[in-house]
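**Q** Listed in order, the protein sequences are those of chains A and B.
Residue numbers for the first sequence follow the numbering used here, so the first one is 443 and each next one is one higher.
Residue numbers for the second sequence follow the numbering used here, so the first one is 454 and each next one is one higher.
Since the hints were derived computationally from the structure, they do not count as laboratory data.
C-beta: ideal position from N, C-alpha, C; glycine also.
A portion of the hints provided could be inaccurate.
[Unchecked claim] Heads up, simulated DMTMM-like pairs for lysine to aspartate or glutamate below, C-alpha to C-alpha not over 25 Å straight-line: (1) A:K473 - B:E654; (2) A:K609 - B:D681; (3) A:K598 - B:E530; (4) A:K529 - B:E593; (5) A:K609 - B:E687; (6) A:K473 - B:D611; (7) A:K598 - B:E699; (8) A:K473 - B:E648; (9) A:K493 - B:E619; (10) B:K740 - A:E576; (11) B:K541 - B:D575; (12) B:K569 - B:E531; (13) A:K598 - B:D527; (14) B:K569 - B:D634; (15) B:K713 - A:E599.
[What the hints assert, rightly or not] Derived Cβ-Cβ restraints for the label pairs, each shown as a range: (16) B:M539 - A:G620: 29 to 37 Å; (17) A:L641 - B:R488: 48 to 56 Å; (18) A:T577 - B:T573: 53 to 61 Å.
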Amino acid sequence: MVASGLFEVWIGAFFTLAIFSFLYKDNPFYKFAEHIFAGLSAGYYIGLIWKSVIIQQLWIPITNKGEWSLIIPGLLGMLMFARFFRKFSYISRISLAFVMGNTAGIFLVSQLHGLVLPQTQSTMLSLTGDGFVETLFALIVVIGVVSTLIYFYFSKEHTGVLGVTAKVGIWFIMISFGAHFGFTVMGRISLLIGRVYFLYNDWILGTLAMFD
Amino acid sequence: MLRITKPLLTATLVVIALLADFQVALSAVPDSAFRTDRINALITIALFSTVILLYTRWARQGKDLFVRKIPGLDAVEEAVGRATEMGKPVLFVPGLQEIDDIETIAAISILGRVAKITATYDTPLMVPVRYPMVLAAGQEVVEQAFIEVGKSDMYNKDIVRYVAGEQFAFTATVNGMMMRDRPAANIYMGAFFAESLLLAETGNAAGSIQIAGTARPEQLPFFIAACDYTLMGEELYAASAYLSHEPLMLGGLKGQDLMKVVIIVVIIMGMLLMTFGVGESFMNWFKAV
Numbered sequence: 443m444v445a446s447g448l449f450e451v452w453i454g455a456f457f458t459l460a461i462f463s464f465l466y467k468d469n470p471f472y473k474f475a476e477h478i479f480a481g482l483s484a485g486y487y488i489g490l491i492w493k494s495v496i497i498q499q500l501w502i503p504i505t506n507k508g509e510w511s512l513i514i515p516g517l518l519g520m521l522m523f524a525r526f527f528r529k530f531s532y533i534s535r536i537s538l539a540f541v542m543g544n545t546a547g548i549f550l551v552s553q554l555h556g557l558v559l560p561q562t563q564s565t566m567l568s569l570t571g572d573g574f575v576e577t578l579f580a581l582i583v584v585i586g587v588v589s590t591l592i593y594f595y596f597s598k599e600h601t602g603v604l605g606v607t608a609k610v611g612i613w614f615i616m617i618s619f620g621a622h623f624g625f626t627v628m629g630r631i632s633l634l635i636g637r638v639y640f641l642y643n644d645w646i647l648g649t650l651a652m653f654d
Numbered sequence: 454m455l456r457i458t459k460p461l462l463t464a465t466l467v468v469i470a471l472l473a474d475f476q477v478a479l480s481a482v483p484d485s486a487f488r489t490d491r492i493n494a495l496i497t498i499a500l501f502s503t504v505i506l507l508y509t510r511w512a513r514q515g516k517d518l519f520v521r522k523i524p525g526l527d528a529v530e531e532a533v534g535r536a537t538e539m540g541k542p543v544l545f546v547p548g549l550q551e552i553d554d555i556e557t558i559a560a561i562s563i564l565g566r567v568a569k570i571t572a573t574y575d576t577p578l579m580v581p582v583r584y585p586m587v588l589a590a591g592q593e594v595v596e597q598a599f600i601e602v603g604k605s606d607m608y609n610k611d612i613v614r615y616v617a618g619e620q621f622a623f624t625a626t627v628n629g630m631m632m633r634d635r636p637a638a639n640i641y642m643g644a645f646f647a648e649s650l651l652l653a654e655t656g657n658a659a660g661s662i663q664i665a666g667t668a669r670p671e672q673l674p675f676f677i678a679a680c681d682y683t684l685m686g687e688e689l690y691a692a693s694a695y696l697s698h699e700p701l702m703l704g705g706l707k708g709q710d711l712m713k714v715v716i717i718v719v720i721i722m723g724m725l726l727m728t729f730g731v732g733e734s735f736m737n738w739f740k741a742v
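With the hints as extra help, turn the sequences into a complete structure.
**A** Structure follows, in structure tokens:
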């Protein structure tokens, strides 16, 4: 490994350990790493957005391809700068309202097509399947979906039959959370292994190799 | 001569925004202008919209629309009360997604209510955000909350502050805020990812009362493990209606409830028809394209 590469590894190792030091308690090393991280990310995103959005998606299509309609979203973006002037800051609400309104509208259709309709269709299972196990699974799916939907029913108190069904629903929800929990923890452990491997292999062994 | 007044300027800009929207919509229209294969979506949206409009109308007319108690939400006032007694701030994190995410919109709506309560009790509020658009929306609702409780002079723009654009830079900074400012209550509402447990565990270590709400099933287990109260999935969306009791939101919530009943009935009908071997055509009605 060349010296410049090792220098980068040492910086990486220093910041990794500085962030890990938070596990003990808040300390000046953590604060230093935190501020460097936040500052770098702000600077990085300015550069990223300037290049990938302003230049590539706005300036080049307008000037090179004559896509003049892009001036409208550009103008909507410019309106956000009205927030710097107290008297005109209300103008920025138009851009905000545009994005929020669009989101709600697009989300409604995408959720309907991506989740509600396919999920409804997939739950319409025949209870006379290929065998006992299939029938049992079909029953579990139907009961799970219906009882979970009832748990999220807000218009009546969960008492009586509704209460019992909602309780069944919460059991299904918790079992699914347990599976998610295990899956995510495994992912996090692999991230930790990656960082520890970096410290051991790149930093410690890499440094030792330099002096061999 | 035409005078450029505030309403005229606003109207002009709204028209421009609508034109932009129309332009985007047109570019998405395929060769056949009417997608008959999506008629099921059209009917569902029409039904859904009608039901919501009806309920909204009834709510506006003063009809009593019952919404069951959501335990995590009652804890919000309790948490702010605790912060007031301790003289410590309340930390509200509106998730880590942009404003074009429906969970962020729900979070911003809840932020309005939380800001109102904190403003009433003069409790300090801290709202770190990850995106400039969320910053703008957050500042708008918090300022509005201060105006509504008659404390506009107490409003400070830095209540809602931009922290960092990178996910873990944001998390590191918010964790630092938790350990240094020791908020009495941490409220996490919106879309969270791998940072959910990092935030909730730090808040727990700092001794704060914690209330979380997200619709991300993969993050909910972490919030349930590390927070005092958790709003799961749709409870997050119901929260704003429950807290505000505004007719528009209540109408939406009641409409969704009715749609859930419709879906349950449809599922059971479909299941029975499929069991008797005559459900294929019925099931095809729900085919998503």
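**Q** Taking the hints in turn, state whether each one holds.
**A** Now the hints, each set against the structure:
no.	hint	verdict
1	A:K473 - B:E654	holds, 18 Å
2	A:K609 - B:D681	holds, 20 Å
3	A:K598 - B:E530	holds, 23 Å
4	A:K529 - B:E593	holds, 14 Å
5	A:K609 - B:E687	holds, 16 Å
6	A:K473 - B:D611	holds, 21 Å
7	A:K598 - B:E699	holds, 19 Å
8	A:K473 - B:E648	holds, 18 Å
9	A:K493 - B:E619	holds, 17 Å
10	B:K740 - A:E576	holds, 23 Å
11	B:K541 - B:D575	holds, 11 Å
12	B:K569 - B:E531	holds, 14 Å
13	A:K598 - B:D527	holds, 17 Å
14	B:K569 - B:D634	holds, 21 Å
15	B:K713 - A:E599	holds, 16 Å
16	B:M539 - A:G620: 29 to 37 Å	holds, 35 Å
17	A:L641 - B:R488: 48 to 56 Å	holds, 55 Å
18	A:T577 - B:T573: 53 to 61 Å	holds, 57 Å
Checked against the numbered hints above, the structure breaks none of them.
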